[in-house]
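Sequential numbering from 3 applies to the sequence shown in the numbering used here.
No lab work stands behind these hints, which were simulated from the structure alone. Please note that the accuracy of each hint is not assured.
[Claimed, not checked] Now the in silico label distances, taken between C-beta atoms and shown as ranges:
id	residue 1	residue 2	range
1	THR325	ASP81	37 to 45 Å
2	GLY144	GLY479	38 to 46 Å
3	ASP521	GLU386	44 to 52 Å
4	LYS266	ALA360	35 to 43 Å
All figures in this text were calculated on a predicted structure; none of them were measured in a lab. The C-beta atom is built at its ideal place from N, Cα and C for all residues, glycine as well.
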Amino acid sequence: MEELVIRDADVVDGSGDLSYRADVVVDGGRIVSIVKEAADAGCQRPKARRELDAEGLVLAPGFIDMHAHSDLALLRDPDHSAKAAQGVTLEVLGQDGLSYAPVDDRTLGEVRRAIAGWNGSGDDIDVDWRSVGEYLDRLDRGIAVNAAYLIPQGTVRALAVGWEDRRATPEELDRMRRLVAEGMEQGAVGMSSGLTYTPGMYAADAELTELCRVVASYGGYYCPHHRSYGAGALEAYEEMVALTREADCPLHLAHATMNFGVNKGRAPELLSLLDDALDAGADISLDTYPYTPGCTTLVALLPSWASEGGPEAVLRRLADEGTAERIRHHLEVTGSDGCHGVPVEWETIEISGVGDPALGEYVGRTVLQSARARGASPWAVARELLLKDRLAPTILQHVGHEENVRAIMRHRVHTGGSDGILQGAKPHPRAYGTFPHYLGHYVRELGVLSLEECVAHLTARPAARLRLPDRGLVREGYKADLVLFDPATVAAGSTFAEPRTLPTGIPYVLVDGRFVIEDGRRTDVLAGRAVRRTPR
3 MEELVIRDAD
13 VVDGSGDLSY
23 RADVVVDGGR
33 IVSIVKEAAD
43 AGCQRPKARR
53 ELDAEGLVLA
63 PGFIDMHAHS
73 DLALLRDPDH
83 SAKAAQGVTL
93 EVLGQDGLSY
103 APVDDRTLGE
113 VRRAIAGWNG
123 SGDDIDVDWR
133 SVGEYLDRLD
143 RGIAVNAAYL
153 IPQGTVRALA
163 VGWEDRRATP
173 EELDRMRRLV
183 AEGMEQGAVG
193 MSSGLTYTPG
203 MYAADAELTE
213 LCRVVASYGG
223 YYCPHHRSYG
233 AGALEAYEEM
243 VALTREADCP
253 LHLAHATMNF
263 GVNKGRAPEL
273 LSLLDDALDA
283 GADISLDTYP
293 YTPGCTTLVA
303 LLPSWASEGG
313 PEAVLRRLAD
323 EGTAERIRHH
333 LEVTGSDGCH
343 GVPVEWETIE
353 ISGVGDPALG
363 EYVGRTVLQS
373 ARARGASPWA
383 VARELLLKDR
393 LAPTILQHVG
403 HEENVRAIMR
413 HRVHTGGSDG
423 ILQGAKPHPR
433 AYGTFPHYLG
443 HYVRELGVLS
453 LEECVAHLTA
463 RPAARLRLPD
473 RGLVREGYKA
483 DLVLFDPATV
493 AAGSTFAEPR
503 TLPTGIPYVL
513 VDGRFVIEDG
523 RRTDVLAGRA
533 VRRTPR
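My request is simple: use the sequences and hints to build the entire structure.
In structure tokens form, the structure reads like this:
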């Protein structure tokens, strides 16, 4: 007898088709049968050792977070309710060009410092891996939800070239090609870049094109955080489209927003650009989070020249009065490339987390508010905080536009990604609320998407981009990564004031056919594993 039958569920299967009522049978980690309209058809109903009454609940494929920063959180916190409670059953890690594999001893220390704001210092994690394959093997020991991995191009460049702003030599480019090929062979699904973060931003298009050729040869995709989301946003999107078409590599645009005042109301221009490329044969997808503010690290706002050489070099420049003044001028007057070519507006920069608890007074305030309270300039406060906290502060950047958010999420290649940073006392609520916020706010309350459309965006579309042949749909033979939610009550509990509040209306989540959320509570099940690239 099979393990589980889910009775009388309203199945929204991920295809975009209308829902249907069915009994769904799960055994051995897979969906083994679907009996539609079982209660009314007079047919014999399936039986199993356990029966779950799903009356009034929607059964959907587990949600796929296409942009996650849980690289260490999955290892640090086996509970991981931040994602499991949202119905997320697969996260894509290695984002924005910086993560923890492949590394050597030198690079590991540098990366830890560079992205402490994303993942913490990492000192509490036994990093017993160096290669992509070894990191995936570590995940295979058991994690809360499944995880796929993108090779981080900035980390690869740090290994082969260092943190200097210069062209790679032919020998260095060959080494980067080999590192990318090795990562793909070991199971990565593609490559990411952070082209406003060092050292990835120092790569010219020709270098990126060569690496994308390698990725494409293994059936992977390129996921860039491109060179500007502000003053040069459209040009930056166009650059990525042209680059990947030259390389014949699929493109997935990370957190595809149109932010800052210069881009208010300009989402249709971006979508027209993408539609033209798609109609011409380009292979493009994108992800977004359903909120207006962004989230990054405070140090990321600095001009690229100030970050050359790595974290210790940044701290030395900040400590020097003359160099610090140059940095301030680029931030406040010229428009730093780290701030997307737009002069920083300190009233939009809210400190969301610090590494040193003694600096907690800054959290939840904008830099301008702290400056006024201290009788200092905003730059003096930001500089002092970066130095005292050794580049660890994270920020919310309140620069988004609701009309752009809604327009982009309607697009035919849109998928969902939280871009969730779990560090800090007051993280962005998207880390805990992205997927229920789509379902509750944008589907039920606003009607921006139908329920069937939205579920397809969050399940089948990302599974297709990841080339996963047995995930993303409720189908016989598919993996039993499933979520059951109440469409009348599902909602994000997280807010900007209380960002770690768990969602409501999601009582059951299954990973590999096992309950990781049961009756609305996290179980002790660690059914997640690394999801490796499917060979062509």
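Verification of the supplied hints:
1. THR325 - ASP81: 37 to 45 Å: Holds, since THR325 and ASP81 (Cβ atoms, about 43 Å apart) stay within the stated range.
2. GLY144 - GLY479: 38 to 46 Å: 25 Å, violated
3. ASP521 - GLU386: 44 to 52 Å: 48 Å, holds
4. LYS266 - ALA360: 35 to 43 Å: Between LYS266 and ALA360, where Cβ atoms are some 39 Å apart, the hint holds.
Checked against the numbered hints above, the structure breaks only hint 2 and satisfies the rest.
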